[in-house]
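*Asks:* Here is how the chains run, residue by residue.
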Amino acid sequence: SQKIEQNSEALNIQEGKTATLTCNYTNYSPAYLQWYRQDPGRGPVFLLLIRENEKEKRKERLKVTFDTTLKQSLFHITASQPADSATYLCAPLGAAGNKLTFGGGTRVLVKP
Amino acid sequence: DTAVSQTPKYLVTQMGNDKSIKCEQNLGHDTMYWYKQDSKKFLKIMFSYNNKELIINETVPNRFSPKSPDKAHLNLHINSLELGDSAVYFCASSQGTSRRVGNEQFFGPGTRLTVL
Numbered sequence: 001s002q003k004i005e006q007n008s009e010a011l012n013i014q015e016g017k018t019a020t021l022t023c024n025y026t027n028y029s030p031a032y033l034q035w036y037r038q039d040p041g042r043g044p045v046f047l048l049l050i051r052e053n054e055k056e057k058r059k060e061r062l063k064v065t066f067d068t069t070l071k072q073s074l075f076h077i078t079a080s081q082p083a084d085s086a087t088y089l090c091a092p093l094g095a096a097g098n099k100l101t102f103g104g105g106t107r108v109l110v111k112p
Numbered sequence: 113d114t115a116v117s118q119t120p121k122y123l124v125t126q127m128g129n130d131k132s133i134k135c136e137q138n139l140g141h142d143t144m145y146w147y148k149q150d151s152k153k154f155l156k157i158m159f160s161y162n163n164k165e166l167i168i169n170e171t172v173p174n175r176f177s178p179k180s181p182d183k184a185h186l187n188l189h190i191n192s193l194e195l196g197d198s199a200v201y202f203c204a205s206s207q208g209t210s211r212r213v214g215n216e217q218f219f220g221p222g223t224r225l226t227v228l
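Chains as they are written, first to last, in my numbering: chain A, 1 to 112; chain B, 113 to 228.
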């Protein structure tokens, strides 16, 4: 069965440093991969989408990579700020439609 | 303006009761979803409707029945509530699958259901 794994341990990082989160998937060949941010008590918010033929995507201080050989996506937050503290979810998506399968999320805590 | 809204935000009820959660989106999207997020924070899709037609129906007990009166609304009715139904339920919407694949989903604020 499809499996999506994100580091369940919280990532504690100092303000200004780069946070790197990992999303690994097995038994799956997604055509797209989305990343969402979720704050406590709120719904997920879309951040970035990367296609299987794209190696890298950037948006402001965020960078996502997608390695279909390694079956892995990396999510980077550069120059991290305390406001970046949240849980980040990866969600691979097949080519057929909009059925997102979410990973368990990684909690990021940026300390001033 | 709220894009995806859900009511109620909190729902506390006894086992065996029947309850409904309502969802509305004002984004003009064709597709709506219900997700369940359990205590371990895993977010799992339950149902999806596209233009009032059911297109995704995951392995969910028959006690859960979605209803879409129009493409801006998707309600979730739960019969005979059980302790294990306690979770946060999120509604979401996205542009139709026929127009664009891989498009982002907009989530509502969630409904925290507690079954006692």
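Simulated from the structure, these hints should not be mistaken for laboratory data. Quantities reported herein were computed from a predicted structural model and do not represent experimental measurements. Do not take every clue at face value.
[Said to hold, decoys possible] Each computed BS3-like pair below joins lysine-lysine, with the alpha-carbon atoms no more than 30 Å apart:
{"id": "1", "chain 1": "B", "residue 1": "K179", "chain 2": "A", "residue 2": "K99"}
{"id": "2", "chain 1": "B", "residue 1": "K179", "chain 2": "B", "residue 2": "K152"}
{"id": "3", "chain 1": "B", "residue 1": "K131", "chain 2": "A", "residue 2": "K99"}
*Asks:* Each hint needs a verdict: does it hold in this structure or not?
*Replies:* Now for the hints, and whether the structure bears them out:
1. K179/B / K99/A: Holds. K179/B to K99/A sits at ~19 Å (cutoff 30 Å).
2. K179/B / K152/B: Since the Cα atoms of K179/B and K152/B sit roughly 27 Å apart, the hinted pair holds (cutoff 30 Å).
3. K131/B / K99/A: At roughly 26 Å apart (the allowed maximum being 30 Å), K99/A and K131/B satisfy the hint.
Of the numbered hints listed earlier, not one is contradicted by the structure.
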